[in-house]
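Student: Hints given; two lone chains; assemble the complex.
Chains as they are written, first to last, in this note's numbering: chain B, 2 to 112; chain X, 32 to 147.
If you're looking for bench data, these hints aren't it; they were derived computationally from the structure. All of these numbers come straight from a predicted model, not from anything done at the bench. The beta carbon of each residue, even a glycine, is placed where N, CA and C say it ideally should be.
Residues from chain B that face chain X, not an exhaustive set, calculated with beta carbons under 10 Å:
| id | residue |
| --- | --- |
| 1 | Gln10 |
| 2 | Gln34 |
| 3 | Gly41 |
| 4 | His43 |
| 5 | Pro44 |
| 6 | Phe46 |
| 7 | Gln49 |
| 8 | Phe89 |
| 9 | Tyr97 |
| 10 | Thr99 |
| 11 | Phe102 |
| 12 | Gly103 |
| 13 | Lys104 |
Take a look at the letters that make up each chain.
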Amino acid sequence: GQQVMQIPQYQHVQEGEDFTTYCNSSTTLSNIQWYKQRPGGHPVFLIQLVKSGEVKKQKRLTFQFGEAKKNSSLHITATQTTDVGTYFCAAMNSGYSTLTFGKGTMLLVSP
Amino acid sequence: NAGVTQTPKFRILKIGQSMTLQCTQDMNHNYMYWYRQDPGMGLKLIYYSVGAGITDKGEVPNGYNVSRSTTEDFPLRLELAAPSQTSVYFCASSYSPGSRGTDTQYFGPGTRLTVL
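Next comes chain X alone, as it looks inside the complex (with noise of 0.2 Å):
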């Protein structure tokens, strides 16, 4: 299992400019999370899904969008980049069978973007 992919691993973006970061997961994971890291500042999280079609707001979802089409993929997109979304995404999923909630997070390995 290659566990949780994330691309594309750097970017630089101008302001203004749009992307979608991509994550994928081959865990059969129902959960699924996208958190960005800032220095100093501990992961926050922008979006999560606990399963295909269903999405939910995180504590910083603003500027950010998310869909959830299939069980294995969770793509952020950022529509107009500013430089306050300069930061670390890491994208992350977890198995968390009935209302037991979520359980053990697996991590990607990140997407470091840079908003110039």
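Just chain B, same shape as in the assembly (with noise of 0.2 Å):
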């Protein structure tokens, strides 16, 4: 399956202060998914990019990818107590069946 490569793996930052968190692949990727994880809970979907250097945003969330398909980011500007969680990316594998997830980017936030 498709191999995806994320970082930070940690990251603790103050309330107000932004936060990016990369998602890298060798191979070009079909299309990109991002899951959000609460402590204690479980994944839960945030976007899906398709297209070469497609941009979406989400009130304080933007996600990129780019324009080779081989990377993603997602960044929040002005980080909230409410942002606090693990940040995977997902790639589709090949057989479009399956998801390979990145380790996940862990957020701290402190008020």
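Tutor: Below, the structure written as structure tokens:
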């Protein structure tokens, strides 16, 4: 299956600071999905990016898909304590039936 | 709709015991998945199913078995529990019409399993 590397593994920010997590692949991806998992919870779908260079926004969250479709990023502007959790990227495998998840970036926000 | 439900929420097993983790979805999704999540390791796919009667191995299938006799249910069986199977198990489902591939995956609340 696909291999997706996520960095950083962990980030601790002060409330109001920005946060970015990156997802990288050595191969071209057909699409990329992003999920959020709150502490003690289950992953929840955030967004799917399909097109080269695509940028999508959800309030303070901005998602980008690289021009070569080998990388993606999630940027949170002015973090809030409600943003705490682990953010995963996931790439569709070549058979189109399954996803490979990155190891995730754990975000901690201090008030 | 209840979405994806999993039982039990928590379980402690002794080495060598067996158990079945239950997963049910009421969204008429054709695709269903079992993942395990270990601390700092993300989600690893154990088994998946693209429809009733069809199952396939994921990345880490050893020590597990599944069946898919109905669209709604996708139980995961552990036959001889080992400490290495201590983990959080998530079931997920998605709707994938035709050849479009897996779409948004909806996860259940998880089962926290400890093997001692």
